[in-house]
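Input sequences plus hints: build the corresponding full structure.
If you read the sequences in order, they're chains A and B.
Counting from 1, position 97 in the first sequence corresponds to residue 97 in this note's numbering; the numbering is continuous, with no gaps.
Counting from 1, position 41 in the second sequence corresponds to residue 41 in this note's numbering; the numbering is continuous, with no gaps.
There could be a bad hint or two in this list.
In silico PhoX-like cross-links for lysine-lysine, where the CA-CA straight-line distance does not exceed 20 Å [what the hints assert, rightly or not]:
| no. | chain 1 | residue 1 | chain 2 | residue 2 |
| --- | --- | --- | --- | --- |
| 1 | B | K28 | A | K277 |
| 2 | A | K123 | A | K250 |
| 3 | A | K359 | A | K384 |
| 4 | A | K21 | B | K28 |
| 5 | B | K28 | A | K384 |
| 6 | A | K307 | A | K250 |
| 7 | A | K128 | A | K277 |
| 8 | A | K250 | A | K311 |
| 9 | A | K170 | A | K206 |
| 10 | A | K307 | A | K86 |
| 11 | B | K28 | A | K359 |
| 12 | A | K311 | A | K232 |
| 13 | A | K339 | A | K206 |
| 14 | A | K311 | A | K86 |
| 15 | B | K134 | B | K12 |
| 16 | A | K277 | B | K102 |
| 17 | A | K355 | B | K28 |
| 18 | A | K169 | A | K206 |
Please keep in mind that the hints were generated in silico from the structure rather than gathered at the bench.
Note that the structure is a prediction, hence the values are computed from the model and not measured.
Now for the letters of each chain:
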Amino acid sequence: MALHSVVLNEAKCKGCTNCIKHCPTEAIRVRNGKARIIEDRCIDCGECIRVCPNHAKEALMTPLSEINRFRYKIALPAPSFYGQFKQPIEIVLGSLLNIGFDYIYEVASAAELTSRYINKYLKDENIKRPAISSSCPSVVRLIMLEFPGLIDNIIRVESPMEIAARIVKKHFSKKLSISEGEIGVFFISPCAAKMTAVKNPIGTEKSSVDGVISMQDLAPYVLKTDKTNEFKIQSSTEGIGWAISGGESKAAQIENSLYVDGIHNCIEVLREIELGKLNDIEFFEGLACPGGCIGGPLTVENLYVSKNRIKKLMDSIPECKHTPEILEIANPDLFRMEKEIGSTSSLTLDEDIGKAIEKLTMIDQIVPTLPGLDCGACGAPTCKALAEDIVRGWASEMDCIFILKKKISTLAKEVAEISTKLPPTLHEEGGNSSEG
Amino acid sequence: MSETYTLSFNIKAMDFSAAGEASSTIKKVLMHLGMPPSVIKRAAVCSYESEMNIVIHSYGGTLTLSIDSSQVIINAIDIGPGIPDIEKAMEAGYSTAPEEIKEMGFGGGMGLPNIRDNADILEITSSSAGTNVKIVINIGG
Numbered sequence: 001m002a003l004h005s006v007v008l009n010e011a012k013c014k015g016c017t018n019c020i021k022h023c024p025t026e027a028i029r030v031r032n033g034k035a036r037i038i039e040d041r042c043i044d045c046g047e048c049i050r051v052c053p054n055h056a057k058e059a060l061m062t063p064l065s066e067i068n069r070f071r072y073k074i075a076l077p078a079p080s081f082y083g084q085f086k087q088p089i090e091i092v093l094g095s096l097l098n099i100g101f102d103y104i105y106e107v108a109s110a111a112e113l114t115s116r117y118i119n120k121y122l123k124d125e126n127i128k129r130p131a132i133s134s135s136c137p138s139v140v141r142l143i144m145l146e147f148p149g150l151i152d153n154i155i156r157v158e159s160p161m162e163i164a165a166r167i168v169k170k171h172f173s174k175k176l177s178i179s180e181g182e183i184g185v186f187f188i189s190p191c192a193a194k195m196t197a198v199k200n201p202i203g204t205e206k207s208s209v210d211g212v213i214s215m216q217d218l219a220p221y222v223l224k225t226d227k228t229n230e231f232k233i234q235s236s237t238e239g240i241g242w243a244i245s246g247g248e249s250k251a252a253q254i255e256n257s258l259y260v261d262g263i264h265n266c267i268e269v270l271r272e273i274e275l276g277k278l279n280d281i282e283f284f285e286g287l288a289c290p291g292g293c294i295g296g297p298l299t300v301e302n303l304y305v306s307k308n309r310i311k312k313l314m315d316s317i318p319e320c321k322h323t324p325e326i327l328e329i330a331n332p333d334l335f336r337m338e339k340e341i342g343s344t345s346s347l348t349l350d351e352d353i354g355k356a357i358e359k360l361t362m363i364d365q366i367v368p369t370l371p372g373l374d375c376g377a378c379g380a381p382t383c384k385a386l387a388e389d390i391v392r393g394w395a396s397e398m399d400c401i402f403i404l405k406k407k408i409s410t411l412a413k414e415v416a417e418i419s420t421k422l423p424p425t426l427h428e429e430g431g432n433s434s435e436g
Numbered sequence: 001m002s003e004t005y006t007l008s009f010n011i012k013a014m015d016f017s018a019a020g021e022a023s024s025t026i027k028k029v030l031m032h033l034g035m036p037p038s039v040i041k042r043a044a045v046c047s048y049e050s051e052m053n054i055v056i057h058s059y060g061g062t063l064t065l066s067i068d069s070s071q072v073i074i075n076a077i078d079i080g081p082g083i084p085d086i087e088k089a090m091e092a093g094y095s096t097a098p099e100e101i102k103e104m105g106f107g108g109g110m111g112l113p114n115i116r117d118n119a120d121i122l123e124i125t126s127s128s129a130g131t132n133v134k135i136v137i138n139i140g141g
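Pasting the structure below:
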């Protein structure tokens, strides 16, 4: 099974350079006219899905038919799902029952519990500041890859999706007297990163979620709804607000928080945190997509329209339904990550530092020989990246069209020069005829 | 091990558009060399603060990185007025930066204290001709 959830549709890829230039971790190269994702560097942010003009980057999600493998099927709609459709929310949520799910547990409800837990978790003085939200899997992977010095700042709290799945599996296996394996729990997702979070989880050995269904794949069924089922919304403003950037901080009642959306913006702010410039901030909430989860690459509605719809919905329902006492009974194991988070940095040139220094010196020597135009025609995002690729043995100097052109021109000159030279045994053409 | 990697940067005074570039390059170098996360973070803070000190407080200078298998050394050498009172400059919040720099969010008086907190060895020599700051970060510990 592929490690990641963003994959290439070879037939659609034209080998253009849009994705390589936009990838925040320089994880894509064009080879043989097709984009290749370097798995070690992909953080599943979905930027390439967004920018590909040929729709060649796709998310590898769970097909809806998978739900039929289970005896009892539970849908976990993400808060961002609430903003995707024009129809009243009762009908939108109810459509999940029409499709074949037996039960709906709103991730927004788990988000409310998670918010309470985070609030309590941050009271611990020993937690490194700024504490960093763990809710966006792409941002967590970005930190593991490029900001390993900040891994300790990530809060060891599971995402509301995982917590929701843990809650329903336990509850229904007891209630229905069936095994947890017979219960299929499916997250309705705005992004591919959540699929990876299930296939290849970070804080836990095995996710309690059985599949992740894209909102885009589900949309046709929701729109076709025959309105036989309605589902009354159980969650409140706090939980649904998680769909929008800043919603988590607000729900967890963290006053001194900094929330940022968009992966490139997150990188900029993480850099500041790494330099120790934001030590006065208590909590950093970074979401890879513009606007937060509502801007996810697998959503169907424009993010501003969806934001507006969610805000209206939030105004029409109670602020919070859970009292702090509920959490007191809850088991902290429900919320905590059980596995340590490690660095995944793949920039290391060689495990042996002597050899790494040698390679780095070679890169420094190659860079000035390249044109510095960052044109991307070589298949690497920048000239610097090409230099690294050459040293790693992934590319050759001749991949640069400017170097190639120079070589051809030098060669052509040499050929022309050689062509004028004749061995002494041969007559020059003109001379020959005049003599005879 | 005798293998050493060195890289030097010219730092211009008051050039805020380029400020921070040297320290980002230094961070990337450390990642290429497979340095442990804590070393990367500490060196990033030290190089950034030294770079900013040259930008804000000097007439220009150089930032030099040298790395071998046991330590990361950052040398910040500038031409400038020097630090009149090093002891005071090491106090958190003490700053001689002009108001307009403070308005930009720099010169908060945390530069040298941050460097001290992240360096294993910190040596500062300063005169009215300029300042030399030598920072050593041990890789092993």
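Regarding the pair A:K170 and A:K206, is the alpha-carbon distance no greater than 20 Å? Holds, because 15 Å separates the two Cα atoms, which is no more than 20 Å.
For the pair supplied as a hint, B:K134 and B:K12, is the alpha-carbon distance within the 20 Å limit? holds (19 Å)
If you draw a straight line from the CA of A:K277 to the CA of B:K102, is it 20 Å or shorter? holds (14 Å)
Hinted pair A:K311 and A:K86, Cα distance within 20 Å: holds (14 Å)
If you draw a straight line from the CA of A:K123 to the CA of A:K250, is it 20 Å or shorter? holds (16 Å)
Has the given pair, A:K311 with A:K232, been kept, meaning a C-alpha gap of at most 20 Å? Holds, at about 18 Å.
Would the hint linking A:K169 and A:K206 be met if the CA-CA limit is 20 Å? At roughly 14 Å apart (the allowed maximum being 20 Å), A:K206 and A:K169 satisfy the hint.
Run the distance test for A:K307 versus A:K86: straight-line Cα separation, threshold 20 Å. Cα-Cα ~12 Å, so holds.
Is A:K339 within 20 Å of A:K206, Cα to Cα? holds (10 Å)
Distance restraint between A:K21 and B:K28, which requires alpha-carbon spacing of 20 Å or less: holds (19 Å)
Assess, step by step, whether the Cα of B:K28 is no farther than 20 Å from the Cα of A:K384, and give holds or violated. holds (12 Å)
With a cut-off of 20 Å on the C-alpha distance, tell me whether A:K359 and A:K384 pass. Distance of about 13 Å is within 20 Å: holds.
Of the numbered hints given earlier, the model fails none.
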